[in-house]
Amino acid sequence: MTPVSSPSLSMAQCTGLQYEPVAEIGGGAYGTVYKARDIESGKFVALKNVRVQTDQNGLPVSTVREVALLKRLEQFDHPNVVRLMDVCATKRSDQETKVTLVFEHVDQDLKTYLERAPAPGLSPERVKDLMKQLLSGLSFLHSNRVMHRDLKPENILVTSQGQVKLADFGLARIYSCHMALTPVVVTLWYRPPEVLLQSSYATPVDIWSTGCIFAEMFRRKPLFCGESEMDQLGKIFEVLGLPPEEEWPTDVTVSRKNFPLLHARPITDFVPEINEEGAQLLLQMLTFDPLKRVSAVKALEHPYFQDEEPATQTESLNQGVKSAAGGICV
Amino acid sequence: MSNVELSSSALERLVARRTFPLHRRTGVCRSLFGPVDHEELSRDVKAKLREISERDRQRWNFNFEADTPLDGDYKWEEVPEEKSPAFYRDCVQSGRTPATPVKQRASSDCALPENPIVLERLAVPEGSGAPCAAEVNQENRAQKVYSGRTSRQLPFTGRKRSASADGNARITEFFVKRRRSADKKTNETSACHLSKSAILVEQTPRKRIR
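Chains A and B, in that order, are what the protein sequence lines are. UniProt numbering puts the first residue of the first sequence at 1, with every later residue one more than the last. UniProt numbering puts the first residue of the second sequence at 1, with every later residue one more than the last.
Same shape as in the complex, but just chain A:
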């Protein structure tokens, strides 16, 4: 309830609600998810409840806007975005309205998908296909002026047919506060430098996160696992090197001098399975300066994705031959 007191709290999204809602958990069906099969279509839906704190003005304007936006996006029926079938609001009290979002139900997210992948991990084709879908979904959101802001494997659903569906966007401001209900701390691992530094940010944030996820698909473990904002930045610079002074944002309090002068290491040291084009694209996504970072549309045009049809067969044969230097060139 208390408005975030200081802009310097980078976990501003959630710290404000850390304790307040816990008292309210007792009531509802906390701990379970309602899921249903439509006997006509055979498709599954699931309910996601969002409890919205209200005041005398009712639902916050931002919530109403987000719902309107989600509904508008829904009309495009994008294959890489989770279907939102309905939004139902129920007034709980003068202080709380329950907004129930009816979504299509997908069995697993990318996190589980990666965990369940058998031993050698995902094939390079699988990674490429997942990335292509992820970027299509993202470019759709971005072209509709929607920033995800919290892209991570848990927010990326993967159907049993291998279709990628982005979730948790738009209303992300609502959704991302899982922390309010669970003791799990919101992860910093997919956060771009501009957010960690509390500089201004926009759609390039999602590209950074996508880059981290790209690397993780090969590694099957996260690329940068920081424990605090500073630690996270440190981990990033250990791999990518400390950015030059002129790239350091001017509107931030954290000085570049706080970090050791590190040089970039070859990205293939960290993602050995990636091929040359993939590594190139990965570095374009993990570019420190958000304005120089590749956009979703441009990323899809990258040569990494341009080899599909003729190469697919040979490539899948090559799969087993893991080149340590990322040498599979197609």
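Hints in this document: simulated from the structure, not taken from any laboratory. This one's a predicted model, so the numbers in the text were calculated from it and none came from an experiment. Worth double-checking, as some hints may not be accurate.
[What the hints assert, rightly or not] Computed list of lysine-lysine pairs in DSS-like fashion (alpha-carbon distance at most 27 Å, straight line):
{"#": "1", "chain 1": "B", "residue 1": "Lys75", "chain 2": "A", "residue 2": "Lys43"}
{"#": "2", "chain 1": "A", "residue 1": "Lys71", "chain 2": "B", "residue 2": "Lys46"}
{"#": "3", "chain 1": "A", "residue 1": "Lys98", "chain 2": "B", "residue 2": "Lys75"}
{"#": "4", "chain 1": "A", "residue 1": "Lys71", "chain 2": "B", "residue 2": "Lys75"}
{"#": "5", "chain 1": "A", "residue 1": "Lys98", "chain 2": "A", "residue 2": "Lys71"}
{"#": "6", "chain 1": "B", "residue 1": "Lys83", "chain 2": "A", "residue 2": "Lys111"}
{"#": "7", "chain 1": "A", "residue 1": "Lys98", "chain 2": "B", "residue 2": "Lys46"}
{"#": "8", "chain 1": "B", "residue 1": "Lys83", "chain 2": "A", "residue 2": "Lys43"}
{"#": "9", "chain 1": "A", "residue 1": "Lys98", "chain 2": "B", "residue 2": "Lys83"}
{"#": "10", "chain 1": "A", "residue 1": "Lys221", "chain 2": "B", "residue 2": "Lys83"}
{"#": "11", "chain 1": "B", "residue 1": "Lys48", "chain 2": "A", "residue 2": "Lys71"}
{"#": "12", "chain 1": "A", "residue 1": "Lys98", "chain 2": "B", "residue 2": "Lys48"}
The hints should help you fit chain B onto chain A, whose structure is shown.
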């Protein structure tokens, strides 16, 4: 090339956002639509809400108030949270702090862009960002009646841009009416409040009249 498209639409939106609250503030508060029967209004709104929740209930054969499944086309089951992707878990949003990082404001206020690319990119957080308190306006008041059933608004907002269901469409509506009844004046303080609620009175029943 898609960059060009984006930046022009982003600009449009920026313009719309910047000018709308200005318009609102320049006018003196008046009772634009005459006195409001608050009891009638509240009855109408409650009836509408009941209607909506009844439809939700039937569509999904689920009682959203009691969180219990009903018989019907959907076969509901309760799944333990751990067996479902984290995304579907319940969560809480605080009404007063719509979890928008404070630094986001900085991006739209201070870091204003000189080049088109920056402009395009910075326009994004503005567009999807949470509005400041001053932005609470008729556009949003009207929406609230439907508690999220935004599709229901299309009948009267959709004249100009039906598919986009955008706030801007409603602005037109607002100003048309304002001109029509602008000569009615009452005292200013209560009028300010009245004009807001009046939108509800005007718009909610109108669908039945026409």
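Okay, the hints, checked on the actual structure:
no. : hint                  : in the structure
1   : B:Lys75 with A:Lys43  : holds, 11 Å
2   : A:Lys71 with B:Lys46  : holds, 24 Å
3   : A:Lys98 with B:Lys75  : holds, 22 Å
4   : A:Lys71 with B:Lys75  : holds, 25 Å
5   : A:Lys98 with A:Lys71  : holds, 18 Å
6   : B:Lys83 with A:Lys111 : holds, 13 Å
7   : A:Lys98 with B:Lys46  : holds, 17 Å
8   : B:Lys83 with A:Lys43  : holds, 18 Å
9   : A:Lys98 with B:Lys83  : holds, 23 Å
10  : A:Lys221 with B:Lys83 : holds, 21 Å
11  : B:Lys48 with A:Lys71  : holds, 20 Å
12  : A:Lys98 with B:Lys48  : holds, 17 Å
In summary, the structure agrees with every hint in the numbered list given earlier.
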